Amino acid sequence: DAGVIQSPRHEVTEMGQEVTLRCKPISGHNSLFWYRQTMMRGLELLIYFNNNVPIDDSGMPEDRFSAKMPNASFSTLKIQPSEPRDSAVYFCASSPRGSGIYEQYFGPGTRLTVT
Amino acid sequence: AQSVTQPDIHITVSEGASLELRCNYSYGATPYLFWYVQSPGQGLQLLLKYFSGDTLVQGIKGFEAEFKRSQSSFNLRKPSVHWSDAAEYFCAEGSSNTGKLIFGQGTTLQVKP
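In order, the protein sequence lines correspond to chains Y and P.
With the working numbering applied, the first sequence corresponds to residues 1 to 115, in that order.
With the working numbering applied, the second sequence corresponds to residues 1001 to 1113, in that order.
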């Protein structure tokens, strides 16, 4: 089975540009998580969805960040406008159907560089 | 607030030596605990998990971890380290209230030939 798929794997953009990161979770998983990883702050949860509904977006740094999950097989994280401090690796993870705590399966990440 | 502590930021061991990575959690009488590994340029891969039952859990790649409630610890061990084990290791605890995973800061493992 395919794991979590993220695209693009690398993105270089200029400050002020819009950036869209994409994620396809594992089929049958009903929870999806967006994380950001930097050397300074480690791994931070930005937002997560359950059954396509955003449950907790308290980790989204500011209004420039938005995330959507239009269906069970696709999610996007958008940054508009982007800033150099947004440079990081962004991971998407999904978790199996059901309630409670389940292990999360991570995608390979998107390395974003904003110049 | 719920937190996970990995006291060692960086550890170096010789190939073939034993390994123990420390993890302390702060919350929950019955914690849900995980260890993940991240190789350079890769995503996080689940090594093992503890939900309940036997306090010694076996994972992939020859790793095991022991849950000790009295010490609020969930240390990761491997009897003999291979050069390919060089990576960053993350301990995490699940929150039954929110469904979130709380990650530690990670421990970077370097393996000497």
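Just so you know, the hints here were simulated from the structure itself, not pulled from any lab data.
Don't take each hint at face value.
[As the list claims (entries may be wrong)] Sample of chain Y residues at the chain P side, in silico, Cβ under 10 Å:
| id | residue |
| --- | --- |
| 1 | 8 |
| 2 | 12 |
| 3 | 92 |
[Said to hold, decoys possible] The following residues of chain Y were derived to be distant from chain P, with all beta-carbon distances above 12 Å:
| id | residue |
| --- | --- |
| 4 | 6 |
| 5 | 27 |
| 6 | 59 |
| 7 | 65 |
| 8 | 93 |
| 9 | 104 |
In this text, all values refer to a predicted model and were calculated from it rather than measured experimentally.
By construction, the Cβ of each residue, glycine as well, lies at the ideal position given by its N, Cα and C atoms.
Evaluation of the provided hints:
no. : hint : in the structure
1   : 8    : violated (14 Å)
2   : 12   : violated (16 Å)
3   : 92   : holds (9 Å)
4   : 6    : violated (8 Å)
5   : 27   : holds (18 Å)
6   : 59   : violated (9 Å)
7   : 65   : holds (18 Å)
8   : 93   : violated (8 Å)
9   : 104  : violated (6 Å)
This entry does not satisfy hints 1, 2, 4, 6, 8, 9, going by the numbered hints stated previously.
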